[in-house]
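Taken in order, these protein sequences are the chains called A and B.
Residues in the first sequence are numbered consecutively from 1, following our numbering.
Residues in the second sequence are numbered consecutively from 1, following our numbering.
Hints listed in this document are in silico derivations from the structure and should not be mistaken for laboratory results.
A few of these clues could be false.
Here are the simulated distance ranges between beta carbons [claimed, not checked]:
(1) B/T196 with A/T87: 31 to 41 Å
(2) B/P124 with A/T106: 15 to 25 Å
(3) A/P33 with B/C201: 12 to 22 Å
(4) A/S38 with B/I215: 27 to 37 Å
(5) B/L164 with A/T87: 31 to 41 Å
(6) A/D48 with B/E129: 44 to 54 Å
(7) B/I193 with A/N107: 41 to 51 Å
(8) B/E74 with A/Q132: 17 to 27 Å
(9) B/N68 with A/N83: 44 to 54 Å
Here the structure is a predicted model, which means the values were calculated and not measured.
Yeah, the Cβ is synthetic: ideal placement off N, Cα and C, and Gly gets one too.
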Amino acid sequence: MTAGSASRFIKPRWIINGCITTEAFDLRDGNPPETYVSFFLVERGSADKQLRSGYKILSEIIPECTKWSISIIEIEEALSEINDEDTPFICFKEKGIPHCGLIYLTNAQEKILEIKATLCVLAQKKVNSTRQISNSV
Amino acid sequence: MTAQKIDLYSKRSILASPIIEEVASKFVGSPAKRSTVIQYVTQPQKHHKRFISVSVLPSDTAFGKWCNYIDSLEINLKGNFDPSTCLLSSDVFGPLFSWGNIFIEFMRAIECYKELENDRGNLPDISEESARRFLLLAPLLVSTNPKIYLDTQTGNFNFDIIPLENGVLSAQVLPIGAVHYSYVAEHSRIYKITGTAKFKCSLDYVKFSKILRMI
Numbered sequence: 001m002t003a004g005s006a007s008r009f010i011k012p013r014w015i016i017n018g019c020i021t022t023e024a025f026d027l028r029d030g031n032p033p034e035t036y037v038s039f040f041l042v043e044r045g046s047a048d049k050q051l052r053s054g055y056k057i058l059s060e061i062i063p064e065c066t067k068w069s070i071s072i073i074e075i076e077e078a079l080s081e082i083n084d085e086d087t088p089f090i091c092f093k094e095k096g097i098p099h100c101g102l103i104y105l106t107n108a109q110e111k112i113l114e115i116k117a118t119l120c121v122l123a124q125k126k127v128n129s130t131r132q133i134s135n136s137v
Numbered sequence: 001m002t003a004q005k006i007d008l009y010s011k012r013s014i015l016a017s018p019i020i021e022e023v024a025s026k027f028v029g030s031p032a033k034r035s036t037v038i039q040y041v042t043q044p045q046k047h048h049k050r051f052i053s054v055s056v057l058p059s060d061t062a063f064g065k066w067c068n069y070i071d072s073l074e075i076n077l078k079g080n081f082d083p084s085t086c087l088l089s090s091d092v093f094g095p096l097f098s099w100g101n102i103f104i105e106f107m108r109a110i111e112c113y114k115e116l117e118n119d120r121g122n123l124p125d126i127s128e129e130s131a132r133r134f135l136l137l138a139p140l141l142v143s144t145n146p147k148i149y150l151d152t153q154t155g156n157f158n159f160d161i162i163p164l165e166n167g168v169l170s171a172q173v174l175p176i177g178a179v180h181y182s183y184v185a186e187h188s189r190i191y192k193i194t195g196t197a198k199f200k201c202s203l204d205y206v207k208f209s210k211i212l213r214m215i
């Protein structure tokens, strides 16, 4: 996948002072270990339309999501900003549309830290709480 | 020096208030300001903003004392975790945990990780050496309100600091005397400053302040 708008569902504890933290893009180990960071593709259009589209998906998966937030990342922009050296560091793959996954292609912790920080800055451009989104629906 | 313990299941003292007072006396020279800091560490909420307004870095002597204490601790973060019966509620840890919210956040990070471990299982053990080295950095982070969490791939302590501009400084404290950091922010476009700080001696962790100055 090289284009499209993808929503990431943000838990309350991943936000500090209204800003998304890098924990939101942590790849969790465990049994089984996660191999990608989950995103959901949303409809094209204005930021409001994209956020409402993300909210529709999230509220179906987690009905009690009133304290969550939703952020939108443009896949093309994320790939361009993060894959800025000779070899790519991330890619997006379909996981049963609209579900898709961001896959880290490096194990270097220093690089993963940079990638997650970059995702934070990108995700901060379009983010809103589910409470406010639901009020606007 | 006899090893002291951070044992999650006991209430043994690791830092007593005279130590905090002594360290505070090195941080802030004048008795009035020193009093503010000491009041702050015993009444964190009331004096929080006042403390932040006093921009201080520990002197070499104060940081040396801090390092001695942290280096002498025997940190045990294995097993179940119940903050209501250990560090947070214990009087003897009060002076330590009153240093802003940083130690409360430190404990929350451990608690969240333990919960996640119960839910998902098979997480790496929390790196106790990473915890120790995070504590070495703690005096530098008091006024930065960091978000602290444990990396689920490595069990190391991570922290994020949100600066005033649109960006984030993210760091991972390795158990081997290094701290990965990445500062990503937006000016005319997104820019990144990424690297690894390496410290062979606990005393040198104070120099992480050079990285913090970026924000």
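**OP:** Starting from the hint list further up, note which numbers the structure goes against and sort them upward.
**Re:** Going through the list in order, the structure violates hints 1, 3, 7 and 8 and respects the others.
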